[in-house]
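Listed in order, the protein sequences are those of chains A and B. The first sequence: position 141 = 141 (my numbering), numbered continuously. The second sequence: position 59 = 59 (my numbering), numbered continuously.
Bear in mind the hints are in silico, worked out from the structure with no lab data behind them. It cannot be assumed that every hint is accurate.
Any copy will do: because identical chains look the same in the list, a pair fits if it lies in one copy or spans two.
Straight-line alpha carbon distances no greater than 30 Å define the calculated BS3-like cross-link-like pairs of lysine-lysine that follow [stated by the list, open to error]: (1) Lys213 with Lys40; (2) Lys40 with Lys393; (3) Lys55 with Lys213; (4) Lys411 with Lys40; (5) Lys315 with Lys40; (6) Lys241 with Lys451; (7) Lys213 with Lys374; (8) Lys338 with Lys55; (9) Lys338 with Lys122.
Being a predicted model, the structure only gives us computed values, none of them experimental.
Number of protein chains: 2
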Amino acid sequence: MPSASASRKSQEKPREIMDAAEDYAKERYGISSMIQSQEKPDRVLVRVRDLTIQKADEVVWVRARVHTSRAKGKQCFLVLRQQQFNVQALVAVGDHASKQMVKFAANINKESIVDVEGVVRKVNQKIGSCTQQDVELHVQKIYVISLAEPRLPLQLDDAVRPEAEGEEEGRATVNQDTRLDNRVIDLRTSTSQAVFRLQSGICHLFRETLINKGFVEIQTPKIISAASEGGANVFTVSYFKNNAYLAQSPQLYKQMCICADFEKVFSIGPVFRAEDSNTHRHLTEFVGLDIEMAFNYHYHEVMEEIADTMVQIFKGLQERFQTEIQTVNKQFPCEPFKFLEPTLRLEYCEALAMLREAGVEMGDEDDLSTPNEKLLGHLVKEKYDTDFYILDKYPLAVRPFYTMPDPRNPKQSNSYDMFMRGEEILSGAQRIHDPQLLTERALHHGIDLEKIKAYIDSFRFGAPPHAGGGIGLERVTMLFLGLHNVRQTSMFPRDPKRLTP
Amino acid sequence: MPSASASRKSQEKPREIMDAAEDYAKERYGISSMIQSQEKPDRVLVRVRDLTIQKADEVVWVRARVHTSRAKGKQCFLVLRQQQFNVQALVAVGDHASKQMVKFAANINKESIVDVEGVVRKVNQKIGSCTQQDVELHVQKIYVISLAEPRLPLQLDDAVRPEAEGEEEGRATVNQDTRLDNRVIDLRTSTSQAVFRLQSGICHLFRETLINKGFVEIQTPKIISAASEGGANVFTVSYFKNNAYLAQSPQLYKQMCICADFEKVFSIGPVFRAEDSNTHRHLTEFVGLDIEMAFNYHYHEVMEEIADTMVQIFKGLQERFQTEIQTVNKQFPCEPFKFLEPTLRLEYCEALAMLREAGVEMGDEDDLSTPNEKLLGHLVKEKYDTDFYILDKYPLAVRPFYTMPDPRNPKQSNSYDMFMRGEEILSGAQRIHDPQLLTERALHHGIDLEKIKAYIDSFRFGAPPHAGGGIGLERVTMLFLGLHNVRQTSMFPRDPKRLTP
Chain A
1 MPSASASRKS QEKPREIMDA AEDYAKERYG ISSMIQSQEK PDRVLVRVRD LTIQKADEVV
61 WVRARVHTSR AKGKQCFLVL RQQQFNVQAL VAVGDHASKQ MVKFAANINK ESIVDVEGVV
121 RKVNQKIGSC TQQDVELHVQ KIYVISLAEP RLPLQLDDAV RPEAEGEEEG RATVNQDTRL
181 DNRVIDLRTS TSQAVFRLQS GICHLFRETL INKGFVEIQT PKIISAASEG GANVFTVSYF
241 KNNAYLAQSP QLYKQMCICA DFEKVFSIGP VFRAEDSNTH RHLTEFVGLD IEMAFNYHYH
301 EVMEEIADTM VQIFKGLQER FQTEIQTVNK QFPCEPFKFL EPTLRLEYCE ALAMLREAGV
361 EMGDEDDLST PNEKLLGHLV KEKYDTDFYI LDKYPLAVRP FYTMPDPRNP KQSNSYDMFM
421 RGEEILSGAQ RIHDPQLLTE RALHHGIDLE KIKAYIDSFR FGAPPHAGGG IGLERVTMLF
481 LGLHNVRQTS MFPRDPKRLT P
Chain B
1 MPSASASRKS QEKPREIMDA AEDYAKERYG ISSMIQSQEK PDRVLVRVRD LTIQKADEVV
61 WVRARVHTSR AKGKQCFLVL RQQQFNVQAL VAVGDHASKQ MVKFAANINK ESIVDVEGVV
121 RKVNQKIGSC TQQDVELHVQ KIYVISLAEP RLPLQLDDAV RPEAEGEEEG RATVNQDTRL
181 DNRVIDLRTS TSQAVFRLQS GICHLFRETL INKGFVEIQT PKIISAASEG GANVFTVSYF
241 KNNAYLAQSP QLYKQMCICA DFEKVFSIGP VFRAEDSNTH RHLTEFVGLD IEMAFNYHYH
301 EVMEEIADTM VQIFKGLQER FQTEIQTVNK QFPCEPFKFL EPTLRLEYCE ALAMLREAGV
361 EMGDEDDLST PNEKLLGHLV KEKYDTDFYI LDKYPLAVRP FYTMPDPRNP KQSNSYDMFM
421 RGEEILSGAQ RIHDPQLLTE RALHHGIDLE KIKAYIDSFR FGAPPHAGGG IGLERVTMLF
481 LGLHNVRQTS MFPRDPKRLT P
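Isolated chain A, as found in the complex (with noise of 0.2 Å):
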């Protein structure tokens, strides 16, 4: 930033004096020194957003990134980016601006951040390129506030571009490893930019709604001293001289806060697996979407609570993230998300005949397979006309030692899974309160009694019966969306093969 005493002198120079070979404009362009909060200037910076032609003719101050340059003879072309609004600015030759100072603007490099003063100008031809189309900013001063390197390791527009007109056209994309690896570029982009801010509104939604109903946070431990669900797929950490591990979900944790009467209780955190899967929907480390809920007489009080949330989420993205969702159709084109009020419900074996009927063979008591949960997504699309369904009364067999059996039906069990597109996004059940038969259940399955006592002991004192679910966050963020792989909506992403940045 200029010194107040340098921008003096530049305006008490008589223009008379100053000749081709001085720089006229020297004081009005350059890069500032560091921002280290030397001083607090009386300076509104105004939003890029904000520049339409309510504010023609105005000096404005704005700070933002130089998206792109571009030189025409005595002219200079920028693009200044602000998140997802951006918008054209012109430095010519001229009163305020020095061939020097048009140079230098054109020489700036992609991405750094200025600091320009300009005035707003009513544009005769819309600029179909920016956000903003009605006015452009003619430049009387700039500085680089933060100046980039270079060479960017992605290009921006290459980044956005959606893959089939990569393809038609011959033009560049950007692969997913390119991007994790120069994640900081990479979000900047307006797809990233939406989808992450919709994330943020689905965690917003979830609480909102729960809070409305009742519903307490609680924070449960990641490090824990038993693998809470059986010893497979478990984190080991070093802890001080023994060993510990990453919880693979909050389930004892809001079991207890059940049992401690909080009645109906939701937690947000993450979620360790140490699944050695290289899917496009399996991370090692995701953000689980928690419930667990007393209940009176039935599970089903819980499993629509449950259904319920989900469709409060999906009408406030849409009611608050039209843009967003707009922003990340143009570059990955998809179909609105459907669903219904009340929430489809189908049980077990309903599935089973429709799969059946489409030509599948399952037995009873299997589980789906992903290929089969995607075809069953479509034929309920195609019956119901809906992207979001509960699947009721799964096998006992296919489900955790702590789900409770279907009094009814031996083989069955009080427990349900939810889809959105085809895709499993939330798995949960009535759980057994009752410690003797609990107990019983850990022996049928194998389990180590020992290893799990403190969870059967919580259910000693009284238990009131219960019921819950967890959802995978980013998997709800990329099939609401329609994105194809759970990396796009996971900002720093672990996987078998990715622990960095």
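Chain A is already provided as a structure; the job is to place chain B on it using the hints.
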């Protein structure tokens, strides 16, 4: 739950043929079969808090825990508890209850969950020992939904007794390890219920305030490839065939989000510190409320936003959680939390002068010890009448390498801590956003540049000036309520000696 036919049968039985040998009330009480969602009875369960004189003479169903029971001749008085509310219930031999039924009720183990049908009756004399003081419930039916074991590891009444009262009257209180070992029961006390409801409120107010200020919520990874803040105090995780670490803070990631143009971000999540500290305020895993924000010209823009966020939290708690505050105060008496608007800001050198005046010997670049922090808190409270203040401009020497030096005084830095009741709850600063200076400072601190390459590289492609801070949730809860141990405000605390439950 008795089946519908069973209760019909009981109604059909003419009263006159009953005799002393037969139990004329036998269908009206008992141990229900386990609730496995067999049926969806059309029964409304009334909340204990709603049992008021407005409901006098109504017949209601209530589900609650047996808090205490006391048999007295042909009567049994129960206190039924539901979260922080309780009501007296009377089972008396008469039309609805037999001797056997009274005996059954008297023998139900404490903490069992029961379904009770009863008539709400106005009482002539207020019941001082219950929250519902104006009515009692005349029990007509009582069924045990979940039976507690007969011996409780701790008594709830002991667990809420103020220590002073226990000492004076020679009555039992419960020590911390017993509480934590039996957390499911300890969390049922009115004090615990209030503490953790208020804690949920802190998270809610934090997010509500920041979302209103335009912040975006982010999710940052907890498994990282290199120790983020130097190698000390970090937990190691086995990550497939390699080692990884647990994040000591979301520092790098929230700064990357700033470099990625999110401008204002926050996160709530676990933070891990492998410190072998066994103090009242250290945990190995705690919940971090983190903020990071780009600013225009001065880091005070951010510091003031954070301070205002804290003030909004304090105000929100005092407005919305007065009942909870008073409940906790009953067991742990404490002065109401005081704060100023705008928040008091002191510079480090002013604090030093105050401490020196009080007789403390400290060098200009020494960090504050815990006792000196506390003393300073007292001095500030005395002088300014506030329990919350900012200490600004810490010596550069005592802050992390990424802290922005003060350009006007090389021994100072653009950093601040915030204090509640004399204890630090937030540490924050302007961060160095220039890769060159960051490299210099890292070298000065003897940090291996290779290990923080990704961190430094984040700033190479244009980075706005920014600042932020991290808040410890459990400390905020503890200090707002005037409690004395952070284990009281962590549901399932982790320290070097405790990993369970």
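Against the structure, the hints come out as follows:
In this assembly of identical chains, the alpha carbons of Lys213 and Lys40 lie at most 30 Å apart only when taken from different copies (21 Å versus 45 Å within one copy). Proximity of Lys40 and Lys393 under a CA criterion of 30 Å is satisfied inter-copy only: 16 Å between copies versus 63 Å inside one chain copy. In this assembly of identical chains, the alpha carbons of Lys55 and Lys213 lie at most 30 Å apart only when taken from different copies (24 Å versus 44 Å within one copy). In this homomeric assembly, Lys411 and Lys40 come within 30 Å of each other (Cα to Cα) only across copies, at 21 Å, whereas the closest approach inside a single copy is 71 Å.
In this assembly of identical chains, Lys315 and Lys40 lie within 30 Å of each other by CA distance solely across copies; the values are 29 Å between and 43 Å within a copy. For a Cα distance limit of 30 Å, the shortest separation of Lys241 from Lys451 qualifies both inside one copy, at 19 Å, and across copies, at 25 Å. Proximity of Lys213 to Lys374 under the C-alpha cut-off of 30 Å is found in neither arrangement, the shortest distances being 32 Å within a copy and 41 Å between copies. Taking identical chains as interchangeable, the C-alpha atoms of Lys338 and Lys55 are never at most 30 Å apart, the minima being 40 Å within one chain and 44 Å between chains.
With identical chains, the CA atoms of Lys338 and Lys122 are never at most 30 Å apart, being 41 Å at best within one copy and 52 Å at best between copies.
Hints 7, 8, 9, counting from the list given before, are not met by this structure.
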